[in-house]
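Protein sequences, first through last, are from chains A and B. The numbering used here puts the first sequence at residues 1 to 493. The numbering used here puts the second sequence at residues 1 to 493.
Simulated from the structure, these hints should not be mistaken for lab results. Watch out, some of these pointers could steer you wrong.
Any copy will do: because identical chains look the same in the list, a pair fits if it lies in one copy or spans two.
[As the list claims (entries may be wrong)] No more than 25 Å apart at the CA atoms, straight line, and that leaves these computed lysine-lysine pairs for DSS-like:
1) Lys157 - Lys13
2) Lys13 - Lys275
3) Lys13 - Lys271
4) Lys38 - Lys431
5) Lys431 - Lys156
6) Lys98 - Lys38
7) Lys98 - Lys271
8) Lys431 - Lys98
Number of protein chains: 2
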Amino acid sequence: MFETAEIGHRIDKAGYEQEEPLLRVRLLNLQYALLRAKKFPVIIIIGGVDGAGKGETLHILHTWMDPRNILTTAFGEPSDEERDRPRMWRYWRALPPKGRIGILFGAWHTGPIQDRVMGSSDDADLFRATQRIVNHERMLVDEGALLLKFWFHLSKKAQKKRLHALEKDPQTRWRITETDWERFKHYDKFRAVSERALRDTSTGHAPWTIVDGTDPHFRYITVGRAIADALERRLADDTVPPVQPVPPPEPPADGRTLLSALDYSQKLDHKDYEKALEHEQGRLSLLTRHKKFTTRSVIAVFEGVDAAGKGGAIRRLVSGLDARRYSVIPIAAPTEEERAQPYLWRFWRHLPRLGRVTVFDRSWYGRVLVERVEGFCAEAEWMRAYGEINDFEEQLTEAGAILVKFWMTVTPAEQLARFQAREKSPFKNFKITPKDWRNREKAPLYDRAICDMIDQTNTRHAPWTIVPANDKHFARITVFQTVSCAIEEALGR
Amino acid sequence: MFETAEIGHRIDKAGYEQEEPLLRVRLLNLQYALLRAKKFPVIIIIGGVDGAGKGETLHILHTWMDPRNILTTAFGEPSDEERDRPRMWRYWRALPPKGRIGILFGAWHTGPIQDRVMGSSDDADLFRATQRIVNHERMLVDEGALLLKFWFHLSKKAQKKRLHALEKDPQTRWRITETDWERFKHYDKFRAVSERALRDTSTGHAPWTIVDGTDPHFRYITVGRAIADALERRLADDTVPPVQPVPPPEPPADGRTLLSALDYSQKLDHKDYEKALEHEQGRLSLLTRHKKFTTRSVIAVFEGVDAAGKGGAIRRLVSGLDARRYSVIPIAAPTEEERAQPYLWRFWRHLPRLGRVTVFDRSWYGRVLVERVEGFCAEAEWMRAYGEINDFEEQLTEAGAILVKFWMTVTPAEQLARFQAREKSPFKNFKITPKDWRNREKAPLYDRAICDMIDQTNTRHAPWTIVPANDKHFARITVFQTVSCAIEEALGR
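So here's chain A without its partners, still in its complex pose:
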């Protein structure tokens, strides 16, 4: 990985002074073209060893381009708000919207490499982390981002020389502390670990550019050219990305599906319901006040057919919770700011801190349901969404979230009855629109999408609960019990 970066590169002053002004003008013009086109974001990652000129290069980029349209984030110690969420949360917060350049100074690679060097993780952990990074980067690229990754390298000899030189000069001596030499001791280990991590995360869609950090001129020109070339190519590229010819899963040959096999006759009479409701409210209330719950969170996802009673189930569920400690996030059409980001961004921004409960009334599954059926996204997009969603959910659960997902469904006859009742009720008729009737006609397409979704995303860490909801009482109690059982299991009670 580092071979070419160690053969010794340099650009002399004359060469630099000739190229630099041209490169600046080129970069600045490309940056403005990007801003005007507003078609994709540019994400530049800067990583590498200490003293290889990362900071200086960042500075040069800010000088060459218009810093008003660069969003730079340097990742140091996470804040307490960040520590309470999946590791990737802080990086999602820093993503640039379409048309802007975002520079991540030390991004998602830093943690896994450091953990392995310091011995707090093993090879298997590192491998899992790099696989996650590969998936994450592929998702960003698939969502349209131009992703450029630069790794600044110094050979061991060059590093040693640099430390000695700084130490000798009275002007710079203060910059070298014990810590620097301490870190130098780990050079070989760091090199080995980062080499592996870089190789595993250097993919066709997001390769690393290794930059020899010895000579400032060389590294500035290398990075500047790489950015300009990539931006130019991408801005000129008017081709629509070819739709991957992945055939969507076929329905079962006998027509029997998860939905048709459901038992819709399950019921709970009023008296039993009232009793069960009170019991379940108390149970959930105690569980979420449990001491152990302060290091966990609950994310409950509600999806379902129209008029299946999602709203009612959510209202009952949260009635057992302390209103100070939960939020319900209703998902409607994305806002302008959300549309300028990868589609999962608008869910990341609502993730709860530890000790809290967040209920999503509709969710990221819109991607593989309404967006698939209505053609709001391409086939390739919803096909890859299954894997992206599984990755996302795995990150949630690893960070302590207890994830429960409900698909609430009623039979077509029951849905019809409820639609008609809504139309007649003066309090509920705003809840029914021509869109609902249209959706009903598309039921077969939706059924197929639902079954595919459950097959593809019913994972061990984030299982689906399909709730036959013809009987509202039964459905609501099922929801309660599922949530409480999941918490009990997670708290080991």
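Put chain B on the given structure of chain A with help from the hints.
Showing chain B alone in chain A's frame:
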């Protein structure tokens, strides 16, 4: 303040059971009407003494209305990200957008009252804090919010009775700890301080409703009715708020203004500029790396006429800074999410943490410049904006920010020359649009707005620096020196 709340109120079970279902339906319908109209946000503040049923009332509101459209935030210990910013930042984060109900559980009143009770502040501090609250609430109301404030009260006798009762019952004994009795000791002080704070912040536009917390039925019905009545009244109110007939400041009788009195002949030749630039970059770089700077931040605001060289000045200024520690926020038209909030919201969201620098390329002053001149807001709105902005900036500086504000200006002849040069340059012609020519025709209106702005907002803690920028060199060095001098003064160097 608390007299009526201590005479003993209650609603019996029968009365409650009769009113409750009607009130629920009414509230739910009003909530949906609010959501559909999307014209204003509702902010409900819940404060008061321990054990007066605040939490239960919150819970009831969540049960009565649709919790999917209530944003509740309970304010406990601030996070580290919150501590690094003005006290009000966390409340701005929690504001509901138009059409939604936001419940703030313990809001901006809590801190000042507690500080005074615990003796960490004096009467003058409390008074300043309540005046700030009055201004803040007036701003919210003026921006269209429906603001409802409930204070839950228990008399000393009732509080004592409650603590004893809980302690006696084996089922509830665990709820009472030493801390509760400790707090009870402060009852009189707490009552006196909160009475004063409530009186000072109970204004015509945002009065407190004091709720006797003894009887649950009474408090639920009181709060529910108050919300329903206020919402109903406001939703029915189609009148456009009368424009306050405040005459805008008159121009001076002799026509001499801040702008016409400027000396535009100040210059710096190229050699002196290069030398000064290098010196100033180094100076600013050292200042922002100074140990003392970790408890401060810099907020630099750039405003100015078109083609005055704001962009160039900003680029030079940040070239002296560590790219990891500053952001430049270009202010364009507000996004959809920003339009659903008070106009200052979009600036609050970009405030830097301590130790950082944020440059605003255009700013909140748009309110009293372009929005005034182009008629994007009413006269009453920009007239009150001066005071709102002064309040805002005072909060910034109190929280450690060093605030510098630049008005960059060129003579009409110089502006014309720059416009023409831009039109000819292939790299810059996108920077000039018909709008720029139109703005130029409105110069007299803008001049008036600019002079008013400077007169109204040139405060001790946030002074304006007017930069005659006919000579770019002179302007850029002036900007540098102003920022560095402000930091030096703030760090006491």
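Violated constraints from the hint list, given by number and in increasing order = 5, 7
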